[in-house]
Amino acid sequence: MIKSGRNGSVKWDPTGAGGVTAVALMSIKSFQLSLATEKINVSCFGDQNRVYIPGLRDISGTMGGFWNSEDMSLVEATELTAPGYLELIPDTTDGTPTPYSFSGLAYMDAEINTDVEGAPEMTGNFMAAGSWTMPAAGVLAADGTRKARR
Amino acid sequence: MLPDSGEIDNALIDALNADAELRALAPDGVYFGAAPPGRENFVIVSLVEGLSLAQMGAPTARRAAETCQYIVKAVMLNGADGDAREAGARIDALLEDQTIPIDGYTCLSIARTDRIRASEPDAVEPSTVWKHRGGYYRITAAPGGTP
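Chains C and G, in that order, are what the protein sequence lines are. For the record, in the first sequence the residue sitting at position 32 is 32 according to the working numbering, with numbers rising by one throughout. For the record, in the second sequence the residue sitting at position 29 is 29 according to the working numbering, with numbers rising by one throughout.
Some clues are possibly wrong.
[Stated by the list, open to error] Just the calculated beta-carbon pair ranges, DEER-fashion: (1) C:Thr114 x G:Gly38: 14 to 22 Å; (2) G:Glu7 x C:Ala36: 44 to 52 Å; (3) G:Ala61 x C:Thr21: 20 to 28 Å; (4) C:Asp109 x G:Ile71: 40 to 48 Å.
In short, the hints are calculated from the structure, not lab data. The beta carbon of each residue, even a glycine, is placed where N, CA and C say it ideally should be.
Construct all of the structure, not just a fragment, from the sequences and the given hints.
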């Protein structure tokens with residue numbers, strides 16, 4: 001079901017443990033997750049067009065929000081030498097018993113953007129530092145079970 | 001529970017009303033939207049735009065801040081141009097880079113974004129001119145008490 005982004009959430013645990021120890025970052029208003037898979041060109045003599053095979057998926061992305069001095073998690077994350085645990089939830093009300101989410105170990109970068117015309121904003125970049133967990137694939141059937149997409 | 005956005009309007013009017021110098025320059029009062037009939041030297045406050053800035057969070061904590069653009073201007077019929085000018089300058093002194101107490105909010109900033117100076121012939125008596133002096137002011141306020 002299509003959902004509103006107002007129920008989104010970004011959780012972070014600097015220890016990398018994740019799960020219940022992950023805490024929602026404050027004043028975040030957007031995130032973007034890229035799941036682009038590298039495509040390797042394997043075109044050969046005689047091919048009528050370029051031919052590719054998939055390589056590894058690159059999990060990375062960005063998040064944005066307002067600078068909030070009550071939560072320095074994003075700034076502190078940039079100093080970590082071991083990856084933290086990042087969980088991206090498109091809608092906290094979507095899914096039982098836990099919402100559908102994308103999660104795993106990640107490193108973070110941060111930027112602060114301050115403009116005299118508006119509220120200071122914070123942006124962050126992340127990149128995977130281990131295997132990530134994705135929501136179950138498929139479509140939700142009327143009985144609540146998840147069917148493989150054909 | 002979310003605070004009432006109207007408290008930002010009220011706080012602005014209260015701040016203007018509380019100043020004796022502005023009251024002396026515009027003795028007919030400070031009004032939101034329109035002044036009652038018969039007033040000749042007054043201050044008008046109008047909300048031009050009230051933007052809510054959203055953030056992710058609990059259902060009652062998704063409004064990160066509000067950015068409200070107001071027209072705040074002295075409107076004078078019989079006063080000389082100098083009176084309107086002084087009133088406009090007093091409005092600017094009271095608001096520019098100041099913060100005001102707002103119930104349920106923390107006032108983050110107040111800044112003028114544009115200036116107003118206009119002369120307007122009276123609709124009924126064209127030989128009479130209304131003077132307008134003031135500006136567009138942007139108030140940014142975050143829900144929650146004073147930090």
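Legend entry - Assessment of proposed distance window 44 to 52 Å (beta carbons of Glu7 of chain G, Ala36 of chain C): Because 47 Å falls inside the window, the suggested range holds.
Legend entry - 20 to 28 Å as the expected CB spacing between Thr21 of chain C and Ala61 of chain G, which holds or is violated: holds (21 Å)
Legend entry - Asp109 of chain C versus Ile71 of chain G beta-carbon gap, inside 40 to 48 Å or not: At 42 Å between Cβs, range holds.
Inset, instruction - Mind checking the hinted window 14 to 22 Å against the Cβ distance between Thr114 of chain C and Gly38 of chain G? - result: violated (47 Å)
In the structure shown, a violation is registered for the earlier hint numbered 1 alone.
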